[in-house]
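*Asks:* Chains as they are written, first to last, in the numbering used here: chain A, 1 to 137; chain B, 1 to 408.
Among these hints, one or two may not hold up.
[What the hints assert, rightly or not] Partner residues aside, some chain A positions facing chain B, computed with beta carbon under 8 Å: (1) Leu17; (2) Trp21; (3) Tyr25; (4) Glu26; (5) Ile29; (6) Gln47; (7) His50; (8) Gln53; (9) Asp74; (10) Ala75; (11) Ile76; (12) Ile77.
None of these hints come from the bench; they were simulated from the model.
Every residue, glycine too, gets a C-beta built ideally from N, C-alpha and C.
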Amino acid sequence: MSTFIEKQEAIIEDFELFDDWMEKYEMIIDLGKEIRSIPENKRSDDQLIHGCQSRVWLRTEYKESAMYFFADSDAIITKGIIALLIKVFDGEKPETIVKEDLFFIKQIGLQEHLSPTRANGLVGMVKRMKMEALKHV
Amino acid sequence: MNQTPDYIQELRSKFPILKTEVHGKALVYFDNAATTQKPLEVIERVQSYYNSENANIHRGVHHLSQVATQDYEDARKLIQNYIGAGKESEIIFTKGTTDSINLVASSFGGLLQEDDEILISAMEHHSNIVPWQLIARKNKLTLKVIPINRNGELDMETFETMVSEKTKIISITHISNTLGTINPIKDIIKKAHSFGAKVLIDGAQSIQHGKINVSDLDCDFFVFSGHKIFGPTGIGVLYGKEELLELMPPYQGGGDMIKRVSFKETTFNELPFKFEAGTPNIVGGIALGTAIKFLKSIDTKQAFSYEKRLLNYAEEELKKIDEMTLIGTAAEKTSLVSFNVGKIHPFDIGTLLDKQGIAVRTGHHCTQPLMDFFNIPGTLRASFAFYNTIEEVDVFINALKRSLSILK
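Excised from the complex, chain B in its bound form (with noise of 0.2 Å):
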């Protein structure tokens, strides 16, 4: 049992940086939630684009241009197919999860009246609270929060008193940065839809973690950022359905999303363009598609299987250190695990545990709201990928200890 198997030492030989030293000691990079290694061949793909394809996209004759156009609109087919989606144009880049509700919550929400209510629930990053604060402001709408149990858990038999034909979008997260909590999210789109209410899933921290299928989930909007699933910063996808996409008003004005400008009147481009103004990021665009092109090579239902034994053997190990807390014991979890130990900051065993090579994230994790529920400062968050080894939980486990014995 306690022995990285074969497949995921050949996985993770194709992550150059996990070979890195930190402070000279091996790099153990559990902090997957905030970001995902890239393989090598996403890297690549990068250089190559700036090595021999570099020109603007959709308006140049010239040939580089169609080149990159071709590859741009290839990661766009490659990413609808991935995750099941109807159409290609229901797949708009953006810089992330965050812009992607951003322009959601602007769009959509722009369209919404006074008295109307939007759903969040109380486990949601600051990503998916503040922009619908802000579209709640501006518009008169009620923000109501979906409560959560002790294990982390939403409250379901409230959730049901809380739809009502009022709601007119409920914006959730998939999987918690903070907790690992899965979300019972084809319950919750059922029931939203039976008051003819829209879903948005966050699914920033489940698209790493699990096949994605929005058609199979019928979910209205489905977000994600590339950085996450093996990809480079600052490309995401809003996924969206056809007929909710071109009601909403564009997002952004600018190069691209317009089919023709005169002073007098402008007319939009259509979908995907109509809410991409502006130069994308194309070479994130084509190289989030080379990270798809790399999860669609590899067995994922064997390494996501592996990612849970992962969990449940430092779940098992760290519950073996006195006064350890674990924040987040919901039933249903991803690879990750919150923690506290004793009165000890964070912060304090964080720093620690970096000196030692270990790389986990500590704080509020974007989640205040919640560090209140549980009334902590913050937890120790380290989250694992598949590239993760057992043996790194035991350097971690063993690090953790060292820490706890000099801050005790």
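Excised from the complex, chain A in its bound form (with noise of 0.2 Å):
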């Protein structure tokens, strides 16, 4: 199994193979398609993550010391870039999804997802999954 750094790189290394961002985009929605998602009846308010301007549920497990998510959203892209997130945190221990550096999203051209704006919600995501991590510490 790939190790947390080795995961970030392969997705680094899979975006560098398209130039145009309307490609990009279009691996970003068909990785939100691959996600175990949430069926509508399932979703809950709590599961609810603010500062996005989709919505964006996501409910988590912790099996054998290690986490894993489930994700949806009403918008594909923000499913998408949640795709990229569980990637990269599912069956980690919560120690690693806690304090290792999420470097990918800076490398692959996402930043902009990761500025105060009010139209995403890419800190929010990382921010929950961080604290559902924190309570298995």
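Got two chains here, each in a separate frame; can you build the complex from them with the hints?
*Replies:* Shown next, in the form of structure tokens:
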């Protein structure tokens, strides 16, 4: 199994295949289709992450010392972005999620989603995922 | 028809930022309802102020202070003249529309008593809702909301039944920032006055799209932001009828707004300074004056009517797209178009448009009650100014189609 760092490096490599941002976003959207989603009837308000223009629901599971995430959004790019995070965080120990550097976001040029604008919720997503992990540290 | 006239190209050339590239693409700036771009003369005025005039105003005996004071007060005159106000003292400089409304809600609203009624409409920006909610809660006032129809027009029949002797103020937007609807404010003002109620017009969106004459409108208050009329951010205007401003207590205390201060009693300065506590946004006021001068130097009648052309063309082209829903289809509309496509989230489309160099706004546009009314999470809003071109509309439509092909 890949390490936390290797998983991030793999994403960076994937993104380097495309020059055009539209293609990068197509890949992000496709990733969003692959994650374990939360069907509409299973979504609840306490799963909602605030600070996103679109709505994001996040559910976590802690199994055999590792964290697992389920997520959904009414915007498919947002869902793709959270899929990227899940790709990196899924199956990791809570300590890793809380402490290790999440460097891939800047490297793939998604840092605009990290700016404190009200339009996107990447900051809120990362924070919520880390908070969930912190409960098990 | 489908070509941008030369006079627009000429106007456009005065706005340096419009030559910017975004993500390697020529910027298409369709977020003019959020803020307008600045002509070179406004930008240069900010610089020349700091280069050769910077001083604090109204107090200094020295040369620079006198120059800065003169320029600031000249800007006030320019604004007074531009919006047709009777007196300079009726022009209060504020931080912007929101600040102006808060001032009136607090100072005028503070004079109201239990069970007095305030009317707003269902299409108001949060800035014209929340200040009234605050004073309503504090003074036990009743806040009533004029409903709208599915086209995004005020329900005037219901409005007629809502006004009464209890109504003390109607605070309403001239043009909806989300729907583009132009409200029949003259009728509203007449009706309000027949019951002795005052009217505040939120001119944030109308100031950049047409000539305003507050005397002709006979509104009691008119508010707008400098940055939406090609001026700087952080400066705005409250026009108020003198007799009302005299009646209202100061909003904030501090320098400039006083006549004499002692620990026992403080007397307040005369209008407009009574409402201008602290060092104001001097350069903002002066450069707003420059923006007004710019508008006076161009053929605004021609420019504003061209905006209608942009709107019509954009709406025509948008309607050709499958599953297109236009939000805001009032008979009287300004040059902005709000829409959704199928069930696609506006954030998704906005993100992809941005990567193609197109600046539009997505979300609830600070009008959440309006989103609830239409039962949508938000819209995409493209808002045009006279420096936008027909060709930009084409670029936008093509980029939109490309985005949709990815998202569908």
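*Asks:* Hint by hint, say whether it matches the structure.
*Replies:* Hints, verified against the model:
no. : hint  : verdict
1   : Leu17 : violated, 17 Å
2   : Trp21 : holds, 4 Å
3   : Tyr25 : holds, 6 Å
4   : Glu26 : holds, 6 Å
5   : Ile29 : holds, 7 Å
6   : Gln47 : violated, 17 Å
7   : His50 : violated, 14 Å
8   : Gln53 : holds, 5 Å
9   : Asp74 : holds, 5 Å
10  : Ala75 : holds, 4 Å
11  : Ile76 : holds, 6 Å
12  : Ile77 : holds, 5 Å
When held up to the earlier numbered hints, the structure conflicts with 1, 6, 7 and fits the remainder.
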